[in-house]
Amino acid sequence: MERDQNDYVSTIYDELRTPKTDYPKKLIEYLSKRFDLQGNMKLLELGCGRCEFLFEFQNYGFECKGLDRDISSVQNEYNLEVKQCDLANDVFPYNDESFDVVYHKSVLEHMYNPENLMRETIRVLKPGGKLIILTPDWHTQWKNFFEDFTHSRPYDVMALSDLLKIYGFNSLS
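So in the working numbering, spot 64 of the sequence shown is number 514, and the numbers just go up one at a time.
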């Protein structure tokens, strides 16, 4: 029996299963206003998947780079700079204090232990930089949350707040 192996992104985010929408553009517009982000900022997206959000950040004027473990993200259709990286274990391939913004959406809940991700985020984030983390609201989306076999830990506001405080983020909003 011959087997083809697909990575997480190309399986879970196959366009037939998960069609593209205008949600990334709307979310980037909202986040830019909500967190007073300027288009000329350097932004790193962790776990950028299909790169739709990274693409919209770039369209908004950000200088964008991405990290993801899956080769399909590196070989993205937008020709964005995405490097392959295991966020849970690898040193991020960027210099200290390289980014004004580090963003990740629906990544943290995939990690049993977020220590490396948090330590590396702090290292590459400029002093006064902004960290934007979005996680699924598993209280209202529990079925979707637990359908993904790679989800290892749900976060709520208190858990995320505690994590950020432990790693030195004092200004939370």
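Everything labelled a hint here was simulated from the structure, so no lab data went into it. Warning: the hint list may mix true and false statements.
To be verified - Derived DEER-like restraints, expressed as beta-carbon distance ranges:
1. K576 with D598: 17 to 27 Å
2. F599 with E547: 17 to 27 Å
3. P469 with S548: 19 to 29 Å
4. Q591 with L613: 17 to 27 Å
What the hints assert, rightly or not - For lysine-lysine, the following PhoX-like pairs were computed, each having C-alpha atoms within a straight-line distance of at most 25 Å:
5. K483 with K470
6. K576 with K492
7. K593 with K555
8. K593 with K492
9. K593 with K615
10. K475 with K533
11. K476 with K615
12. K533 with K470
13. K483 with K555
14. K576 with K593
15. K492 with K475
16. K615 with K470
17. K555 with K475
18. K593 with K533
19. K470 with K576
20. K615 with K533
What you are looking at is a predicted structure, and each value in this text was computed from that prediction instead of being measured. By construction, the Cβ of each residue, glycine as well, lies at the ideal position given by its N, Cα and C atoms.
Structure-based check of all given hints:
no.	hint	verdict
1	K576 with D598: 17 to 27 Å	violated (32 Å)
2	F599 with E547: 17 to 27 Å	violated (36 Å)
3	P469 with S548: 19 to 29 Å	violated (34 Å)
4	Q591 with L613: 17 to 27 Å	holds (20 Å)
5	K483 with K470	holds (23 Å)
6	K576 with K492	holds (10 Å)
7	K593 with K555	holds (18 Å)
8	K593 with K492	violated (36 Å)
9	K593 with K615	violated (29 Å)
10	K475 with K533	holds (23 Å)
11	K476 with K615	violated (29 Å)
12	K533 with K470	holds (22 Å)
13	K483 with K555	holds (17 Å)
14	K576 with K593	violated (37 Å)
15	K492 with K475	holds (18 Å)
16	K615 with K470	violated (35 Å)
17	K555 with K475	holds (14 Å)
18	K593 with K533	violated (32 Å)
19	K470 with K576	violated (32 Å)
20	K615 with K533	violated (28 Å)
Hint violations for this structure: numbers 1, 2, 3, 8, 9, 11, 14, 16, 18, 19, 20, all remaining hints satisfied.
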